Amino acid sequence: MVNTNLRVVKLTVYCLSIYLIISIADLLFTFPGKVFAKVNLISNLVKEPANQLVIAKTEVVVPIEIVPIQKKKFNLYLQKGKITSFNSDTNITSIKSFIEKIAALKSGKKKRKIRIAYLGDSLIEGDLLTQTFRRLLQSEFGGAGVGFVPITSQVALFRQSVAATYSSHWQDNSFKTKGNQSALYLSGHQFFGPNEWVKMIDHVIKDTSALIEKTLLCGQSSNPLTLAINKTPTIIHADKRFNRIVLRKDKSKEIEVQFGNQNVPIYGISFESEAGIFVDNFSFRGISGIEYKHIDPNFLQLIQQENPYDLIVLQFGINVMYKPETTNFSYYATSFEPVIKAFKKSFPEADILVMGCTDRAFRYNSVYSTAIGIDSLIKLQAALAYKTEANFYNQYASMGGKNALVKWVEQSPPLANKDYIHPNYRGAEELGKLLFNAVMKEYNKYTTTSL
Amino acid sequence: MPSFDSTAFFQQFLYDPKHPLLFNDGFFVFFFGAFIALYYQFRHNIPIRKFIFCFFSLYFFYKASGYFVIVVFIAAVVDFILSNAIYRQTTQHGKRILLLLSIFFNLGILIYFKYTNFFISVTNDFLKTGFNPLNIMLPVGISFFTFENLSYTIDVYRGDFKPARKFSDYLLFLSFFPKLVMGPIVRAHDFVPQINQPYAIKEADFVEGFFLIISGMFKKLIISDYITLNLVNTVFDAPSRYSGMENLFAVYGYALVIYCDFSGYSDVAIGIAKWLGFSIPPNFLSPYQSQNIAEFWRRWHISLSSWLRDYIYIPLGGNRTSNKFCFALIIVFFIGLFFGIILLTSISLFFALLICLIALIILLLPTLITKDRNIIGTNFNLLATMLIGGFWHGASWNFVIWGAIHGIGLAGYKLWEIIALRFLPKFKSNRFNSVLGTILTFHFVCLGWIFFKAGDFTIASTMLHQITFDLHSALFIDFIKGYWSVVAMMVLGFFMHAIPNHWANAVCTLLQPLKLGWYILIFFLFLMVYGYFKSAEPVLPIYLQF
Chain A
1 MVNTNLRVVK LTVYCLSIYL IISIADLLFT FPGKVFAKVN LISNLVKEPA
51 NQLVIAKTEV VVPIEIVPIQ KKKFNLYLQK GKITSFNSDT NITSIKSFIE
101 KIAALKSGKK KRKIRIAYLG DSLIEGDLLT QTFRRLLQSE FGGAGVGFVP
151 ITSQVALFRQ SVAATYSSHW QDNSFKTKGN QSALYLSGHQ FFGPNEWVKM
201 IDHVIKDTSA LIEKTLLCGQ SSNPLTLAIN KTPTIIHADK RFNRIVLRKD
251 KSKEIEVQFG NQNVPIYGIS FESEAGIFVD NFSFRGISGI EYKHIDPNFL
301 QLIQQENPYD LIVLQFGINV MYKPETTNFS YYATSFEPVI KAFKKSFPEA
351 DILVMGCTDR AFRYNSVYST AIGIDSLIKL QAALAYKTEA NFYNQYASMG
401 GKNALVKWVE QSPPLANKDY IHPNYRGAEE LGKLLFNAVM KEYNKYTTTS
451 L
Chain B
452 MPSFDSTAFF QQFLYDPKHP LLFNDGFFVF FFGAFIALYY QFRHNIPIRK
502 FIFCFFSLYF FYKASGYFVI VVFIAAVVDF ILSNAIYRQT TQHGKRILLL
552 LSIFFNLGIL IYFKYTNFFI SVTNDFLKTG FNPLNIMLPV GISFFTFENL
602 SYTIDVYRGD FKPARKFSDY LLFLSFFPKL VMGPIVRAHD FVPQINQPYA
652 IKEADFVEGF FLIISGMFKK LIISDYITLN LVNTVFDAPS RYSGMENLFA
702 VYGYALVIYC DFSGYSDVAI GIAKWLGFSI PPNFLSPYQS QNIAEFWRRW
752 HISLSSWLRD YIYIPLGGNR TSNKFCFALI IVFFIGLFFG IILLTSISLF
802 FALLICLIAL IILLLPTLIT KDRNIIGTNF NLLATMLIGG FWHGASWNFV
852 IWGAIHGIGL AGYKLWEIIA LRFLPKFKSN RFNSVLGTIL TFHFVCLGWI
902 FFKAGDFTIA STMLHQITFD LHSALFIDFI KGYWSVVAMM VLGFFMHAIP
952 NHWANAVCTL LQPLKLGWYI LIFFLFLMVY GYFKSAEPVL PIYLQF
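Respectively, the protein sequence lines represent chains A and B.
Going by this note's numbering, the residue at position 270 of the first sequence is 270; the numbering climbs one at a time, nothing skipped.
Remember, this note's numbering sits 451 above the position in the second sequence when you count from 1.
Worth flagging that the hints you see were computed from the coordinates, not collected in a lab.
Just so it is clear, the structure is predicted and the values come from calculations on it, not from any experiment.
Be aware that a few hints might be false.
[To be verified] List of simulated lysine to aspartate or glutamate pairs, DMTMM-like, C-alpha gap at most 20 Å: (1) A:Lys323 x B:Asp929; (2) A:Lys47 x B:Asp823; (3) B:Lys985 x A:Asp26; (4) A:Lys418 x B:Asp907; (5) B:Lys985 x A:Asp419; (6) A:Lys293 x A:Asp419.
Modelling step: build the complete structure from the supplied sequences, incorporating the hints.
This is how it looks when you write it as structure tokens:
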């Protein structure tokens with residue numbers, strides 16, 4: 001038998017020596033294609049000249065002109081934890097008419113409903129962020145109920161704040177399907193379901209004595225609608241282009257509706273107490289917000305007449321930044337601006353709040369780091385808010401700025417998913433609290449100055 | 452010009468919790484180089500050679516797990532003393548007491564480090580006690596070396612084996628660095644006799660060792676890590692955000708990941724051992740080629756399944772009867788199954804009862820058909836063994852569920868065998884049936900992997916929901932387009948898995964006459980491929996946590 005033990009030693013020693021020589025050479029010259037950069041044996045034993053590994057700093061470019069406006073200061077968008085209306089006098093309350101309304105509600109002068117439409121992408125899917133924001137607002141200003149719930153949803157099973165079950169043949173017309181999108185609701189959906197049913201149980205109502213309105217939001221039907229509400233046959237009239245019909249007003253937290261054979265667009269069911277503050281979660285996976293241009297502005301006005309909103313929050317941007325190298329978002333500037341303007345026009349009683357997008361990370365040179373385009377994108381979102389006289393909230397700065405999400409993914413317990421995009425429910429809880437605190441800062445500013 | 456950082460240099464020699472020493476570390480290259488040079492130098496002086504080996508092994512463990520190296524050392528001392536005491540005891544009674552002492556000691560260490568917080572959380576959940584969880588770190592490899600200690604003293608007690616006379620022999624058996632942190636679990640009667648042999652390696656062993664090391668690294672570092680980072684981790688983190696297609700492929704991906712990760716690491720360990728003149732039996736034999744679940748368990752993590760067979764399944768009664776402990780465990784299992792279903796899912800009492808009944812029927816029906824009462828015992832013992840085996844992987848209900856799935860699956864397969872034999876005389880094993888069996892077995896194993904990998908029950912059930920109700924075949928093409936690089940890696944991985952064993956032998960035969968330069972070339976080619984795919988985030992081996 002040949003004993004090859006020396007061969008093992010030789011192979012090891014030769015490989016180690018060559019490997020060491022290559023590693024030293026790699027540090028000195030860097031091989032083409034950097035084939036040895038990541039497997040260099042001694043790279044962690046040397047101090048690199050500082051600037052070598054830093055990603056080239058990207059210029060923050062905004063494709064729209066920021067025209068100076070009197071008594072306004074654009075750079076306020078950089079503040080963290082604060083909502084800004086860009087007033088250079090920072091003692092002036094932002095989202096002012098909304099704050100006035102909640103202050104009136106709190107003082108008990110006016111018993112009414114205040115509604116927030118929170119529009120967003122997958123960041124708020126499953127009522128994440130909004131459920132926290134709603135809970136905190138309702139505990140401060142009153143109100144019970146989860147607000148709007150769409151008939152069906154991809155995440156119905158995973159949403160904690162409401163349990164929705166539905167029959168299997170609902171047809172969904174949405175931003176992502178072909179067909180007429182002019183009369184979609186703010187959710188970006190409308191459903192058709194002759195003879196279909198839906199059952200919902202609100203999981204957020206803690207006050208068992210509150211009377212809860214269970215309201216159907218639907219489109220037009222020339223014939224009266226024949227429904228069975230909690231198995232009781234009922235006839236309702238939906239003769240307007242957009243209808244808000246209270247189906248039940250009682251202490252129950254659940255409702256089951258069996259529809260008749262009329263082919264009427266159904267949007268969803270809303271759970272609201274008689275007065276208080278309500279947050280409607282309108283999440284639509286994968287959109288950037290420009291999809292709202294398809295909805296007829298006249299239809300939006302009808303929504304505002306029937307089911308008025310007092311604050312419209314626009315939570316978009318993360319899907320615009322889907323490539324690691326993108327730093328120029330000019331197409332987004334031109335297409336998102338009309339959407340903000342349309343909302344302003346159709347919802348004149350509502351304040352508009354543009355949310356700067358949350359942090360998202362990509363792998364650069366195999367290390368996760370904040371998207372290099374994020375500063376440009378946030379500046380652009382702020383510039384749009386500035387130009388359209390909307391309000392702005394810098395979520396990225398508020399959650400910790402550069403590489404905040406990387407920290408959120410890596411900390412224990414983690415606050416974000418490993419896709420380096422989405423905060424998980426703990427992270428969303430944090431974002432909801434931050435936003436609530438920002439609103440409370442404006443509220444406190446308002447109440448102290450108006451006293 | 453880069454300059455030498457002396458602080459960083461000295462830091463390299465200390466334990467870094469973020470970077471436990473693994474075979475793919477740069478440090479390991481130096482470690483192995485220094486070790487092999489010394490080992491070769493003193494190959495004829497067995498005591499010094501052993502000392503070098505023990506020292507390097509314990510240092511390796513220190514670099515992988517810090518000061519827990521003391522636990523390994525103490526365990527070695529205690530078990531060495533106890534095993535010799537058992538051997539010298541003349542009365543059966545005395546032997547038994549000493550054995551119990553050893554079992555208490557070893558299981559005590561394992562339970563303290565691994566399960567204390569689990570039991571605290573269980574009492575908090577069920578008895579509403581408000582105990583705070585303790586801050587206990589899990590020493591790397593503890594599950595592996597306590598099992599080795601246990602089998603050692605049990606073998607001595609059974610009289611199968613004379614205990615090692617020299618402490619150094621025992622210490623080396625326990626701390627042998629190639630297998631210390633992640634197995635394979637080796638048996639003393641295989642290993643100890645090799646310690647004092649001359650350092651000799653056959654030509655074939657040199658080639659085979661090289662092949663195992665390079666192919667093992669390839670499986671772990673290139674295939675497994677790539678699929679983990681680019682598909683599996685993100686989907687398993689938040690399955691509701693992904694379509695059924697992505698979820699399904701994440702499960703297939705994970706099946707490949709766990710195989711490549713663990714078998715890759717085992718192969719490297721076995722390969723290194725071969726180069727040091729030690730032979731360790733294979734730990735995996737292309738498990739996904741299995742045509743049924745029983746065969747799967749003869750090919751998957753063989754060192755653990757054979758350990759469980761010899762030291763749990765057989766003591767429980769093996770394929771004859773079940774002892775009282777096993778009966779108690781089965782009763783607890785059914786109670787747990789019933790209440791678990793009710794607590795974790797929203798289905799009614801009736802269905803929970805129905806599921807329990809079906810499980811019970813699977814366990815009992817073979818006996819009703821064959822009138823052979825031993826099969827009940829076999830099934831109960833298998834289920835109990837699988838439950839314990841599941842729990843060995845970690846203090847989590849998901850591992851218990853994983854064990855239960857396999858336990859019931861094994862009983863279900865036994866039932867099928869009996870039915871096929873008695874009532875389906877025309878059923879033959881042909882090519883079609885073998886392929887069908889392989890596909891079915893693979894998917895059954897995948898079902899188990901969902902629970903094995905998922906962070907909690909909700910994630911596992913969400914994945915099952917997405918795969919069942921959100922699987923649109925129209926998305927298949929989009930999926931391939933979106934994840935083409937991952938899919939390509941998976942195809943490569945499954946292709947490598949499908950290769951028959953004799954092909955690997957053929958490769959080794961081809962390599963054997965080559966000059967050393969060719970081996971060096973292959974090593975550096977591998978290194979360049981690794982350098983291309985390597986991610987900056989270290990992907991710790993899955994079995995490092997067990």
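**OP:** State the violated hints by number, sorted upward, taking the hints as numbered earlier in the document.
**Re:** Violated hints (numbers, rising): 2 and 6; every other hint is consistent with the structure.
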